[in-house]
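Peer 1: All chains should be built: construct the whole structure from the sequences, respecting the hints.
Protein chains in written order, with our numbering: chain Z, 217 to 628; chain W, 217 to 628; chain C, 54 to 193; chain H, 54 to 193.
The hints are simulated quantities; they were obtained by calculation from the structure and are not laboratory data. Everything hinted at is true.
Calculated pairs, PhoX-like style, for lysine-lysine (alpha carbon to alpha carbon, straight line, at most 25 Å): (1) LYS172/C / LYS305/Z; (2) LYS169/C / LYS305/Z; (3) LYS144/H / LYS305/W; (4) LYS115/C / LYS539/W; (5) LYS354/W / LYS356/Z; (6) LYS115/C / LYS621/W; (7) LYS144/H / LYS294/W; (8) LYS356/W / LYS330/Z; (9) LYS162/C / LYS294/Z; (10) LYS115/H / LYS621/Z; (11) LYS172/H / LYS305/W; (12) LYS169/H / LYS144/H; (13) LYS331/Z / LYS331/W; (14) LYS327/Z / LYS354/W; (15) LYS115/H / LYS169/H; (16) LYS331/W / LYS356/Z.
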Amino acid sequence: MLETETLDVERIRADFPILRRKVRGKRLVYLDNAATTQKPRQVIEALDDYYSRYNSNVHRSVHTLGEEATEAYEASRKKTATFIGATPKELVFVRGTTEATNLVRFAWGEKFVKKGDLVLTTMMEHHSNIVPWQLLCKNKGATLKFVGLNPDCTLDLASFEGLLKEGPRLVAFTHCSNVLGTINDVSALCAKAATAGATTIVDGAQAVPHMAVDVGSLGCDFYAFSGHKMLGPTGIGGLYGRRALLEEMEPFHGGGEMIREVFLDHSTWNDVPYKFEAGTVNIADSIGLGAAVDYLTALGMDKVREHEVRLLKYALSELAKVKGFRHYGPEDPSKKGGVLSFNMADVHPHDLATILDEEGIAIRSGHHCAQPLMRWLDVSATSRASFHVYNSHDDVDALRAGLEKAGAIFRL
Amino acid sequence: MLETETLDVERIRADFPILRRKVRGKRLVYLDNAATTQKPRQVIEALDDYYSRYNSNVHRSVHTLGEEATEAYEASRKKTATFIGATPKELVFVRGTTEATNLVRFAWGEKFVKKGDLVLTTMMEHHSNIVPWQLLCKNKGATLKFVGLNPDCTLDLASFEGLLKEGPRLVAFTHCSNVLGTINDVSALCAKAATAGATTIVDGAQAVPHMAVDVGSLGCDFYAFSGHKMLGPTGIGGLYGRRALLEEMEPFHGGGEMIREVFLDHSTWNDVPYKFEAGTVNIADSIGLGAAVDYLTALGMDKVREHEVRLLKYALSELAKVKGFRHYGPEDPSKKGGVLSFNMADVHPHDLATILDEEGIAIRSGHHCAQPLMRWLDVSATSRASFHVYNSHDDVDALRAGLEKAGAIFRL
Amino acid sequence: MSSADIYRELILDYYRNPRNFGKLERFDIEAHDSNPLCGDEVDMQIKVGPKNSIGEIKFSGKGCAISLASASMLTELAKGKALDWVKDVSKEDVFKMLGNPELGPSRVKCALLGMKVLKTGVYGYLGAHYEDADGSDPMA
Amino acid sequence: MSSADIYRELILDYYRNPRNFGKLERFDIEAHDSNPLCGDEVDMQIKVGPKNSIGEIKFSGKGCAISLASASMLTELAKGKALDWVKDVSKEDVFKMLGNPELGPSRVKCALLGMKVLKTGVYGYLGAHYEDADGSDPMA
Ligand SMILES: Cc1ncc(COP(=O)(O)O)c(C=O)c1O
Ligand SMILES: Cc1ncc(COP(=O)(O)O)c(C=O)c1O
Numbered sequence: 217m218l219e220t221e222t223l224d225v226e227r228i229r230a231d232f233p234i235l236r237r238k239v240r241g242k243r244l245v246y247l248d249n250a251a252t253t254q255k256p257r258q259v260i261e262a263l264d265d266y267y268s269r270y271n272s273n274v275h276r277s278v279h280t281l282g283e284e285a286t287e288a289y290e291a292s293r294k295k296t297a298t299f300i301g302a303t304p305k306e307l308v309f310v311r312g313t314t315e316a317t318n319l320v321r322f323a324w325g326e327k328f329v330k331k332g333d334l335v336l337t338t339m340m341e342h343h344s345n346i347v348p349w350q351l352l353c354k355n356k357g358a359t360l361k362f363v364g365l366n367p368d369c370t371l372d373l374a375s376f377e378g379l380l381k382e383g384p385r386l387v388a389f390t391h392c393s394n395v396l397g398t399i400n401d402v403s404a405l406c407a408k409a410a411t412a413g414a415t416t417i418v419d420g421a422q423a424v425p426h427m428a429v430d431v432g433s434l435g436c437d438f439y440a441f442s443g444h445k446m447l448g449p450t451g452i453g454g455l456y457g458r459r460a461l462l463e464e465m466e467p468f469h470g471g472g473e474m475i476r477e478v479f480l481d482h483s484t485w486n487d488v489p490y491k492f493e494a495g496t497v498n499i500a501d502s503i504g505l506g507a508a509v510d511y512l513t514a515l516g517m518d519k520v521r522e523h524e525v526r527l528l529k530y531a532l533s534e535l536a537k538v539k540g541f542r543h544y545g546p547e548d549p550s551k552k553g554g555v556l557s558f559n560m561a562d563v564h565p566h567d568l569a570t571i572l573d574e575e576g577i578a579i580r581s582g583h584h585c586a587q588p589l590m591r592w593l594d595v596s597a598t599s600r601a602s603f604h605v606y607n608s609h610d611d612v613d614a615l616r617a618g619l620e621k622a623g624a625i626f627r628l
Numbered sequence: 217m218l219e220t221e222t223l224d225v226e227r228i229r230a231d232f233p234i235l236r237r238k239v240r241g242k243r244l245v246y247l248d249n250a251a252t253t254q255k256p257r258q259v260i261e262a263l264d265d266y267y268s269r270y271n272s273n274v275h276r277s278v279h280t281l282g283e284e285a286t287e288a289y290e291a292s293r294k295k296t297a298t299f300i301g302a303t304p305k306e307l308v309f310v311r312g313t314t315e316a317t318n319l320v321r322f323a324w325g326e327k328f329v330k331k332g333d334l335v336l337t338t339m340m341e342h343h344s345n346i347v348p349w350q351l352l353c354k355n356k357g358a359t360l361k362f363v364g365l366n367p368d369c370t371l372d373l374a375s376f377e378g379l380l381k382e383g384p385r386l387v388a389f390t391h392c393s394n395v396l397g398t399i400n401d402v403s404a405l406c407a408k409a410a411t412a413g414a415t416t417i418v419d420g421a422q423a424v425p426h427m428a429v430d431v432g433s434l435g436c437d438f439y440a441f442s443g444h445k446m447l448g449p450t451g452i453g454g455l456y457g458r459r460a461l462l463e464e465m466e467p468f469h470g471g472g473e474m475i476r477e478v479f480l481d482h483s484t485w486n487d488v489p490y491k492f493e494a495g496t497v498n499i500a501d502s503i504g505l506g507a508a509v510d511y512l513t514a515l516g517m518d519k520v521r522e523h524e525v526r527l528l529k530y531a532l533s534e535l536a537k538v539k540g541f542r543h544y545g546p547e548d549p550s551k552k553g554g555v556l557s558f559n560m561a562d563v564h565p566h567d568l569a570t571i572l573d574e575e576g577i578a579i580r581s582g583h584h585c586a587q588p589l590m591r592w593l594d595v596s597a598t599s600r601a602s603f604h605v606y607n608s609h610d611d612v613d614a615l616r617a618g619l620e621k622a623g624a625i626f627r628l
Numbered sequence: 054m055s056s057a058d059i060y061r062e063l064i065l066d067y068y069r070n071p072r073n074f075g076k077l078e079r080f081d082i083e084a085h086d087s088n089p090l091c092g093d094e095v096d097m098q099i100k101v102g103p104k105n106s107i108g109e110i111k112f113s114g115k116g117c118a119i120s121l122a123s124a125s126m127l128t129e130l131a132k133g134k135a136l137d138w139v140k141d142v143s144k145e146d147v148f149k150m151l152g153n154p155e156l157g158p159s160r161v162k163c164a165l166l167g168m169k170v171l172k173t174g175v176y177g178y179l180g181a182h183y184e185d186a187d188g189s190d191p192m193a
Numbered sequence: 054m055s056s057a058d059i060y061r062e063l064i065l066d067y068y069r070n071p072r073n074f075g076k077l078e079r080f081d082i083e084a085h086d087s088n089p090l091c092g093d094e095v096d097m098q099i100k101v102g103p104k105n106s107i108g109e110i111k112f113s114g115k116g117c118a119i120s121l122a123s124a125s126m127l128t129e130l131a132k133g134k135a136l137d138w139v140k141d142v143s144k145e146d147v148f149k150m151l152g153n154p155e156l157g158p159s160r161v162k163c164a165l166l167g168m169k170v171l172k173t174g175v176y177g178y179l180g181a182h183y184e185d186a187d188g189s190d191p192m193a
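Peer 2: Right, here's the structure in full:
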């Protein structure tokens, strides 16, 4: 292992019970963090504590358990909002990034996007930032266009600015690509989009877990992220929306909690963010997300980022030595998130993943929910290794050894 | 405590860590089960085990953790489907009942309900089975009408049949009222609705946790329920849909997992039920729900029901002795779920709940997300005690003592 | 503090015999608020008296003993005071008025509903009559 | 079984030099399937020969070594056999053909994709030509 860890990885690893597990007799080398991260015991214990001590429905209870659950739920909202530079009223709890973009599609898009309008997304998006807009545009008779990419896998600004001239109603793009790792200059893009009169939604699924995010300085209108990719539980995530926008939106789901009064012929709505949180919310996992935020905050997001940049740098230089290795994405580690997509000669990513699994190494293989990008890259699939706080140089070493082995098996 | 428990309540209680907790120095008497139930350690441990041993994203992973998570997730779907008499392909995992009704609103309703159509719901519904239809009807220019109630708090069949003659497109009603406890004759109502050519959606939030449910013999088209009300985690629930209906519906959320192929100008959809499960699903809580289903199955749903009927019977006779007590709902315990709504003279339910809380007793007070029903009952709020498997006669005795105390404080 | 203390004679008395309960025929200020979580509702009406004072005041609504007693006691306290006085009324004043009951977070909202309605109404009036006033900012 | 065993010479050879890869100019049967989870795709075409046999057969597609080798080996096995033979092909036959590699559940789908396409195509053909046949139920 190389020196100069900015994070104390050994200590961090001790917090993650799953890292003690053996996979096929080998130490688990978990490099599928862009799909979902592992959870520290602090998060697992927060769930256990909730269910063992104060489980109750929230907001409408006068009894002690209900008050405790409500307080913890709202405290978690406050923590999570603060973590991304928002106020609690601007943070809607959702299942994850996908529900967040779909919420915006239904509650904002169905109201504000009209026939003939233009919606922009980019060629590097995850399906969750494409398909909702396809469905919206189809439903409304609007047009969806894709901002192109440069050969170095960054966003093509000329394409972006050209399309902005057509006056889009909505511009959707990712903060950090889950395939290429490309980090977009969100504040510059949002400023331009705002000047062009467009509303912006940023997919932060691969950013919030890996770097300091401040929605205020980014200047976006909406920002979406998933808890399970940031050490939190599955089933919870967040949608930030500018207060004024949230206020003027239609509700999304109808039901309990989101209403003020229900009459036979109409209903009136609760204040934001509750207007968008119909029914019993995912109480335990919201509280678990709060624990994950505490964990990341204690580590320091700048350190987390620094750690991943170092790992990336090491990985890029080490893996380049493997025969047949080809990387997809910006080559400069400081311009990209901790995501490394690659292929190895004609070894199909699924075969590669099977061979690596035998070594206890978990990577992802496939289209990564980014089929348009795969077509742009002219591949049917890639392999992807992605990092988080418990990964270290030894994981990269294990990956390299695994790739060498695959090369030998495939006689490259 | 009276004899003849059909369930071994002492043994069951030992499974629920929260029941060892003291509230304000008193034993916790948890009677807010219609809002959410407590969780046995088997469910809490299933979550812990998932996060500590095989947490991973599902369906697209070739590595060992991914395969284990996928297997557990699908095994849980199978268990849960079997529990309600459905096949796995007919069970969509959702956040809860509210997301289920809203999914039907968007994915079925927006496609099949047309201008001028009629949608029926009833006066005893939870807001989650009213507001989505209000929003749908408003959007489509359709009409929403309410089936009335009889003075004994049962559904008015004459009103139901009269409205059926108007040829509704959709009929939505609850299996069991969360306020009155009234159990509707779902199979008779569905048969009539089907004859009238209507699609049916049944709110099973208060039925699945408390009695054996078989969607096949009920004959409904859609059936919705919440995991957190049946000993499962928050954030998970189910929507059953007849296969043919699910097939012809539009997708709901767009994103990963629900697609087959994504092109720039259109996308194609995955098979049911995946078509409706966009993005990273709530993996851990689905598995937790499977553990809850195992727990209930081991107890036996007929025994659970029998236990609650006995408790109800005892409670109705004991509480009737309290000065000022007034019950809302059918008087025959065999015709009602384990839900007991009441008021005590002019003691407001919130004041009552505060006084009971001091005795460690958790009940619900308020409109129970059923404002139209409150108006029909001509009350602004009620108190509600509701039972589950760990409740026993001693909890009813504690409630009675608490009510007597409240009566004394309020000088009734 | 036990609930027997919270629901002392005073609060029960105001709950069962609310002072200033009802509607004014003529009024200058009217405000309404409800608590979406519990459904409690309070309306208030004020007839402005000489020198921008609270001449007459009545409230109505439905809710628990705490919210109704609190609203009622507040109208008594407010009657005859300067409108400006309302700006200074604090949570603590309300708690004191109620005898400092120990209330959980959800019941605190009940206790403060009346104050919220009073402030909403009076602030609105002062804002709208800003020009008529002596030049000082009524919202300050 | 280690992956070195799974990816033995045989499978790599069929992956890199797939037999019967390509398209037929004339064919009676055509079928396609893809695995939505991994994106693997297989197409197959068959020209029916004398006595309802598999005269010519070709496949194309993209995917991993296992799915493509499996599809290719299957076309070799199928060539010249009666169409009815396809009804009897089982998972076990495919695994045997591949040398019984130990595959996790997700990779089993890769191994069986070719068989699924073959069956889809042949069953469809037999169904459509039910009247022409000898009266036995082709789907039985
Ligand atoms: C009858 C009934 N329907 C629907 C719901 C809504 O369920 P959830 O809040 O889990 O979405 C509830 C519970 O709140 C209920 O009791
Ligand atoms: C960039 C990006 N956007 C969106 C998503 C979707 O997130 P989720 O599956 O949690 O809804 C993901 C992860 O799958 C992602 O990597």
